[in-house]
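Chain order of the listed sequences is A and B. Sequential numbering from -10 applies to the first sequence in the working numbering. Sequential numbering from -14 applies to the second sequence in the working numbering.
To be clear, the hints were calculated from the coordinates, so they are not data collected in a lab. Note that the structure is a prediction, hence the values are computed from the model and not measured. One or more hints might be untrue.
Mimicking DSS-like on lysine-lysine, the simulated pairs with C-alpha atoms at most 27 angstroms apart in a straight line are [claimed, not checked]:
#1 A/K658 to B/K235
#2 A/K672 to B/K285
#3 B/K285 to A/K673
#4 B/K165 to A/K574
#5 B/K47 to B/K31
#6 B/K271 to A/K673
Which bits of chain A does chain B cover? Going by a derived footprint, with three or more residues having C-beta under 8 angstroms, they are [unchecked claim]:
#7 349 to 361
#8 367 to 381
#9 388 to 396
#10 525 to 537
#11 637 to 643
Just so you know, even glycine gets a beta-carbon here, dropped at the ideal spot from N, CA and C.
The lines below spell out each chain.
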Amino acid sequence: MSRHRNLRNLEHEDYSDDYDEDEEDYEEDDYNKIDQTIDEVWDTLGDGTPFTEDDLVYALRQTKYDPAAAVAWLLEGTNHHPHHTTTYAPSSSLYSTTSKSKPSHPSKLPPRRDISPSSLAIGLSTPIIKSPYTSKITNTTPQNPDIVPFDFMEPSPDDQVSSKQKQAFKRDSIPAKPAAKGKKEAPLQGDINIVAMSIQRPKPGKAKASAKLSAKPGAKSAPSKSAPGKAPAKAAGSTASSSSSSTSSSSTTTVNKLEDDIDAMHLGVSEGSSVSREEEPVKTAPKGMKQHSAARKKEIEEKIHGAVSGKERLSLVVIGHVDAGKSTTMGHLLYDLGYVDPKTMRKYEHESQRIGKGSFSYAWVLDEHEEERSRGVTIDVGVNYFETEHRRITLLDAPGHRDFVPNMISGATQADVAVLVVGAVSGEFEAGFGSEGQTKEHALLARSLGVQQLIVAVNKMDVTGWNKDRFDEIVGVLTPFLKQVGFSPASVWYVPISGLTGENLVKVTDARLSSWYDGPTLAGRIDAFEPAERLLAKPFRMAVSDVFRGLQMGGIGVAGKIEAGFVAVGDKLLIEPVNEVCTVKSIRADSEQVEFAKAGDNVDLGLGDVEVTHVNPGDILCDPHRPCPIARSFRAQIITFAQLPLPITAGHQIIVYTHHLSEAATITKLHSILDRTTGEVKKKRPRALGENMAAQVDIVLQRPICVERYSNYKQLGRFMVRDQGRSIAAGIIEKLTDPSSA
Amino acid sequence: MKLLKRFIDKDGHGHVVLRAEETEDLWHAYHIIAIGDTVTASSIRKIQKESATGSIDTDRVKVSVSITVAKVDFDPASETMRLSGPVAVENKFIKMGAFHTLDVELNKNFTVEKAEWDPIALDRIATACEPAHHADAAAIVMSEGLAHLCLLTQGMTIVKSKIETAIPRKRKSAISGHEKALHRFFDAVMQAILRHVDFTVVKVLAIASPGFTKDQFLAYLTAEALRQDIRPIIENKGKFILAHSSSGHKHALQEVLRDPTVAAKLEDTQAAGEVRALGEFYQMLKVEPDRAFYGFNHVKLAQERQAVQTLLLTDELFRAADIARRKQYLELVQAVKDGGGEVRLFSSMHPSGEQLQKARIRRILSNVEGRA
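Model the full structure from these sequences, guided by the hints.
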């Protein structure tokens, strides 16, 4: 009997989850009205008021958005307001009201906006989740023994997925350790509501992963109509024992990696908000549509396991100031590795000499457009493939010219690792490194786009006569800068090269270099890159970087990097935002046809059953069962760069670059300025943002695009902000404020 | 615009008779006519007559109609303005209170009656009636695959055409696909120019893009014009100027207007001046944040301390349906003027005005002298 009741409670919890969604909608409707009036109330109350924004919102609701009445209502007394029975302890604002059941006043609760209501949480039944900004304070002033601060040493669900993936593929035996997160907290609370809540923390990806390990692959996800929160709850419930043994063994390396990542951005991934936002509606694609059948899925998985013994694939972006020698170096490297046949090379040499650009012959390997060759400038990202001893590299040659930074972003967003090329010639390095040069901007963008390992290729060393002092000088200038940008010094390597003569690309011949340099060559250093983490167990996602007609691809070809999951020939995929289903006719990786491809691979897919006008660069291909959300507005944490041309105010018109999209947008609201290291709120409702600040803002796009929350898919939740031809900020998406169901 | 009659009492009550002569005037009229005003113009009304036998005849009669404006629709792209509301003066065809929709048309008289004419509206009539020194200009902001063709008039920036084509990226096998698509895109932009730009009015056409797209396009345009013998382009080659913009999005137009060569040619358009003023404000906000304020409350406070030197605001504010709010703004403007400050009214149809408007918090900016 009691078990039944528990079960029923559990389900009730799930329903109330759905109910909350409606409440959320209601909130959005009123958003504007509140916004119009709330400033007046603030101003009337003046500084130092004990009321929080949420109190105000509540008051406005009560008084039908009349500012004057709202103030009166607030000042009149606190007895009708359940919150005010508790003190305004600063730490009380830490606990967000993510708890779904609010027994005291379920319907009239003020909507949760950017700031957690002070005082509200204390009266409620032990909320567990809190934002990371605040975890520090929580530690010092424990108010409630039941409240467990989020421990950053714990691996995030993302890491757990990736670490498990690694284990799954390596098929290592892992020593089983007890206590998965969900389980650990359960006995603490002893209340079925809380248990359900706490296991919501794992994101759907994790639930899938654990389900996959324990049960049949086909049984992975709940019907897509239910809120995603439900899936983890069920999965964790049914497979608690088996998943606990595997999830817990945390891979310290990945944790460190993630922390590096967050540190570098100086942005906290708000665990609290990610949980509270689990109620984002999951759209249902055309009914019953699946990417592939369960049996087929199993078959592909087997194959992927079988093939994993091969070389690791990595995407490498080459960045740096214009004319640093990026294309030449990489063209020469490709030639030296035997990927360009000598006849073609001779042809390039001839032709480039004829137009008086003899030194550009190697760059022509990558710069294939007429326009690029005649101007001697890379315009678009060139894609090439090569293999080293242990790695298969997808080479992305980015343009260095400042006008083509958008193209560079599109290339860097696909990259796992980067080579930064700087010219050693005196004056040239300084020009590239100055405020008008692109060296800094590129390094910053690459880091913000998730690149963690970097080789600095100090080019044109032959011109300096292989001068060690010059090399050391450049290293000395770059090291502190790269560290400040967020590259860990242990993941940055310096290699002196000459792209034109080919020295130290594959081998060293010049004695002037070998006399003082005994490190690896550029190719050798590339070979030693650490493999990147892949989101294999997550639903399929691929951002389309290019659409082309290719007869051998079966009509329409799309190119891009698979961000998550895997795909095989014959699969059905959903194209968002047009919401069309297509069939994968062929897959091409590294210029050869393959049967399947997995996360991390840079592929061309031949698509059938779709019109060419329906798929555009910037679209997302995804699992029809778990489609990608579409949003026109989102809340984000941004971090502004140095040398901001203008301060950022509300109303600032910007261009948002995310994966392969650029979209005009407006910053509609500045919520708060955050401390860059701790993530604490330093100032609420700032008037303007200056340089090097972290802030929480609302952004509204001109039209809806496909994006993901950073906590779900890192790479699809990142974006860059540019204005007037300068990169002014990088950001991560915290939540989508109007995820529309197409 | 022509002001044909003006009859306004000392207390501000009264009416004017106006005639719009070009689209720009409709934009002014849109700002003069507020909800609640009475507008009289001739219009066509469908009348149903029932004869003795019960058969129904429909007649269309031309009548002069006075309505109390309840709704104003203005579409700059199609150059029409429609007013609708209940009829205020009964005549033999239309009963009092019946709804009617008036079209304000070019070269037709209309009468606007207001209970109270405020100085902003009167100023606008004065500007609208000035014999025009219209520096009409057109601009194309483009990047590979995206272009906006805009017309700039004194008070408006109108996006006449937005061209968007997917252009394949460079790749080994399909170089020709890129070239072909690029030419298709250029052709679409050229067609848009021919369709929308009237070179008898437009004095300058700026082509702006990042990188080399603008040069490529101009080369294409000249070559095609010669090949196909397109007279308007060949004859007006001197009007094309190249400028730099960072993207093909509409608000990159601000960068074009800031470009000195373009700015020199557009000296007298409001848009160029606005961009400059807004730039000054942001500069102030950056350098001396204590001297730049935005948001009604902050600005009001500054004004009360007599500290406002320049006040920037958009014309959209005076269209607020809420009379009390409109009054607030009027008082603010008056107070700043009385205090010797400068007031700059931005057109919400220019990109800079749009940005100002989107500074959601009351949309008022001011430069403050450091007295406060």
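Hints versus structure:
1. A/K658 to B/K235: Distance ~21 angstroms between A/K658 and B/K235 Cα, so the pair holds.
2. A/K672 to B/K285: This hinted pair holds, its Cα atoms lying about 23 angstroms apart.
3. B/K285 to A/K673: Holds - the C-alpha atoms of A/K673 and B/K285 are around 21 angstroms apart, at most 27 angstroms.
4. B/K165 to A/K574: Roughly 25 angstroms between the alpha carbons, so the hint for B/K165 and A/K574 holds.
5. B/K47 to B/K31: Measuring from Cα to Cα gives roughly 9 angstroms; hence the hint holds.
6. B/K271 to A/K673: Roughly 19 angstroms between the alpha carbons, so the hint for B/K271 and A/K673 holds.
7. 349 to 361: holds (count 5)
8. 367 to 381: Three-residue rule met by the stretch 367 to 381 of chain A, so holds; n is 5.
9. 388 to 396: With 4 residues closer than 8 angstroms to chain B, the stretch 388 to 396 of chain A meets the three-residue bar; holds.
10. 525 to 537: Satisfied; 4 residues make the cut.
11. 637 to 643: holds (count 5)
When the structure is compared with the earlier hints, no violation turns up for any of them.
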